[in-house]
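Undergrad: So the chains spell out like this:
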Amino acid sequence: MAEACSVLVVEDDDDTRDALAAILESQGYAVAEAGDGVDALEHLRGSNCVCLIVLDLFMPRMNGWTFRQEQMKDPKLAEIPVVVVSADPAAARQAKELGVAAAMAKPIDFDRLVEVVSRYC
Amino acid sequence: MDVRRHLEPFGDVELRAVTDAIPILIASCDRDLRFRFVNKSYAASFGKTPSEVVGKHIWEVVGEAVYESFREHVREVLGGTPLEFEAEGSYAGQGKRFMHVACIPQRDESGEVDGFVAVMSDITTRVRTAAEILESRDTVEIVNSVGQIVAAELDLEKAVQKVTDAATKLTGAQFGAFFYNRIDDQGEKYMLYALSGVPREAFASFPMPRNTQLFGATFRAEGVVRLDDVTRDPRYGQNPPYQGKPPGHLPVTSYLAVPVVARSGEVLGGLFFGHAEPGRFTERHERLMIGLASQAANAIDNARLFEAERKARAEAEIAQERLAFLAEAGAVLASSLDYTTTLDAVARLAVRFLADYCVIDVLEEDGSTRRLAIHFDPVKDMLVQRLKELPPPSFHMERMERVIRSGEPDVMNDVDVSLATEIQRDPERHRILLALQPRAYMVVVLSTRGRALGTMTLVASESGRRYEQTDVALARELARRAAVAIENARLHAAETRARAEAEAANRAKDEFLSVVSHELRTPLNSTLGWVNVLRSDKDGVRKTRALDSIERSVRTQTRLIEDLLDVSRIASGQLRLDVRSLDLRALVDTVLEETRPQAEAKGIHLRAELDDLSSPTSGDHDRLAQVVSNLLNNALKFTPRGGRIDVRLANGRGDVQLIVRDDGSGIRKDFLPHVFEPFRQADSVASRRQGGLGLGLAITRHLVELHGGTILAESEGEGLGATFTVSLPRTGGGRRRGTKPLDESPERGI
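So the sequences go chain by chain: E and U.
The opening position of the first sequence corresponds to residue 1 in the numbering used here, with each subsequent residue numbered one higher.
The opening position of the second sequence corresponds to residue 122 in the numbering used here, with each subsequent residue numbered one higher.
In short, the hints are calculated from the structure, not lab data.
Keep in mind the model is a prediction, meaning the values are calculated, not measured.
In this text, a Cβ means the ideal position worked out from N, Cα and C, and glycines have one as well.
Keep in mind that a hint or two might mislead.
Stated by the list, open to error - From the structure, some residues in chain U lie toward chain E, with a derived Cβ separation under 8 Å:
id, residue
1, Thr643
2, Asn646
3, Asp658
4, Arg663
Said to hold, decoys possible - If you want a taste of the chain E side facing chain U, the calculated C-beta under 7 Å gives, among others:
id, residue
5, Asp13
6, Asp15
7, Thr16
8, Ala19
9, Leu20
10, Ala22
11, Ser26
12, Phe58
13, Ala87
14, Asp88
15, Lys106
16, Pro107
17, Phe110
Please put together the full structure from these sequences, using the hints given.
TA: Here it is, written out as structure tokens:
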């Protein structure tokens with residue numbers, strides 16, 4: 001299962017997204033990237049297998065909160081676990097209310113992120 | 122009846138002796154009315170002896186006139202009827218006498234009436250006594266009844282009228298009047314108080330009596346004046362212009378004037394009586410009038426006391442009412458802390474109790490004046506509202522300023538708007554004021570804790586009221602309370618505003634911290650991520666990408682920190698320029714080339730048209746480079762992939778212009794005015810399309826202004842691109858429009 005499915009990194013900052021992808025790839029995961037919530041939903045609905053979503057909260061077009069609502073509304077997507085990463089510690093705390101698998105503040109503890117990803121993918 | 126028969130025991134001599142001895146007048150006449158017999162008393166009453174009378178006709182003795190008065194009686198008695206009657210006649214040496222007369226017909230042997238006997242007794246004393254008793258009973262009754270009426274009458278006017286009426290009746294005067302001891306403004310004429318015997322109109326046609334020698338004597342307490350003929354008095358006719366009674370005066374000949382003196386000795390007034398005939402007023406009248414005058418004085422004293430008491434009571438009631446009003450005003454004014462509501466409440470209270478309309482001028486903290494006006498009549502309120510909009514005339518402004526300066530109210534009664542020339546020059550004001558008809562007004566200061574907040578102008582119009590001292594006092598008290606309420610409402614508003622501002626500042630600070638936190642952590646995050654990657658990147662395939670990214674992040678973070686420091690320097694006025702001569706064209710070109718890779722990476726067409734500048738420019742090289750860089754980065758940020766950016770450097774008229782135009786997302790009309798404010802981005806934090814602190818343009822504007830230039834942002838709207846135009850003075854250095862930090866700059870090289 002892990003072979004076929006990828007981790008979806010939803011992050012608007014190109015450098016951060018690249019770094020996250022590089023780290024996860026170096027751990028042997030397949031990684032898909034999206035610049036905002038709209039791109040992410042598009043990717044998910046494109047019949048791609050996603051085992052986990054790494055979600056930033058502050059993003060243009062569609063932010064993390066709205067994306068999460070849209071995801072929960074879609075039964076096919078609702079089950080996919082989400083890890084919230086945010087530069088705002090308060091936002092990261094609030095994100096737990098969204099019913100996510102984990103929430104972490106930036107700068108991200110990458111070891112912990114890899115550990116969380118390993119549980120689902 | 123035959124007298125002789127009854128007197129039979131007497132002879133003629135005895136009869137004569139008897140008839141002469143009694144004080145009764147006896148006469149016997151024949152049918153031809155010649156005296157056949159008279160006793161001594163009868164003859165003596167005409168100054169004659171019996172023998173001088175006997176044989177004469179009646180009219181020869183008593184006179185034609187007296188005879189005429191009893192001719193009818195004589196005719197009747199000769200017809201055979203005995204008579205008794207009373208008659209009045211003049212008798213020698215005794216004047217007018219009243220007589221009781223008994224007439225007995227006398228018959229001859231055949232029974233025919235051949236004469237009559239008259240027996241007369243003098244009843245003058247009895248008649249006079251009876252008349253006097255009757256008269257004094259009337260007098261006592263009148264004086265008594267006057268006393269009772271007057272004692273019960275507490276209305277001054279009515280009391281005086283009753284006394285005057287009774288006195289006129291008692292004296293038998295044709296005209297009676299009471300004049301109050303009060304002289305008109307000219308100090309000449311007495312004011313008529315009560316009049317009796319003639320309609321008041323009879324007095325209206327000629328001037329009121331003046332303080333003449335004769336008339337004024339009564340008021341000078343010179344005692345009673347009683348004259349049989351007023352024109353013969355030496356004091357009469359001594360005063361111009363009439364030298365006597367004015368034309369149309371009542372025909373006074375007999376004159377009686379009695380002073381009415383109070384217990385205190387004050388001459389309250391005088392009772393005056395007149396009659397067209399001379400000699401009508403007697404000593405008795407005089408005495409009566411003195412008694413009546415003292416009754417009148419009592420009545421006036423009582424009525425005055427009562428009046429004073431009633432006035433005091435009315436004043437107490439008004440004071441009570443005013444207290445109640447002030448209490449209510451206090452309650453109303455305390456009920457709201459809203460500024461506008463409070464001002465409105467003050468005006469409404471004023472028109473309810475003190476004015477027909479009211480204008481309140483409040484000096485606002487920003488130096489402007491706020492006006493509020495209310496008329497109790499909704500229709501006229503429209504006029505007042507219009508009046509409020511017109512600038513106050515200068516004399517009113519002066520009044521208000523004087524009241525504010527001195528704190529003392531300005532009161533004016535008997536206002537006539539048609540007389541004010543300044544108002545006449547202003548047709549609209551004139552028209553409105555003619556309709557409002559202000560009659561009296563007062564301006565009172567609204568002040569609290571020694572500070573004047575404004576004025577309250579109270580105007581009385583149709584009510585016709587005048588502003589007395591008590592009204593002014595009440596208005597001041599209302600104004601004092603109103604000022605406290607206004608001040609409270611202001612403090613409350615200021616406090617609310619300050620709290621809202623503090624809350625907004627707090628929110629802005631939170632939002633700013635959130636943005637700063639996010640913006641600073643984001644590059645840190647990617648740097649750490651790439652460091653992590655490098656550590657595990659044994660074969661080094663990701664090394665170049667990682668180092669590029671780390672470098673970018675560090676630069677981004679450096680820029681952010683620089684921007685924050687710049688904003689802090691700007692806020693504290695510490696931003697300094699290092700001004701030198703420079704080649705602006707080369708500077709712009711360098712920045713363009715530095716930016717070009719980013720533009721190409723985003724697929725944006727960056728085009729530049731840089732003119733050779735006709736004169737050298739001076740300025741701070743790094744700061745001007747920052748200006749150009751900020752504008753280019755801003756354009757790159759908001760221009761989508763495939764868009765274009767045009768940069769133009771051109772000679773203007775006296776300035777150099779740098780124009781950066783993009784066809785990107787543009788700026789919303791409502792945001793355009795705020796585009797240069799720090800921490801402002803058109804989108805909210807959670808969904809910002811673009812990173813950054815929103816400080817770039819704020820810093821840019823400040824730097825441009827420090828150089829003495831201007832910056833302008835234009836956009837047709839969202840999605841329609843934006844144009845930023847920087848204008849720098851050609852000589853550079855900002856000498857002409859230097860701001861404070863620039864002038865203080867120690868590094869300025871020029």
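Undergrad: Please list, smallest to largest, the hint numbers that this structure does not respect.
TA: Checked against the structure, no hint fails, so every one of them is satisfied.
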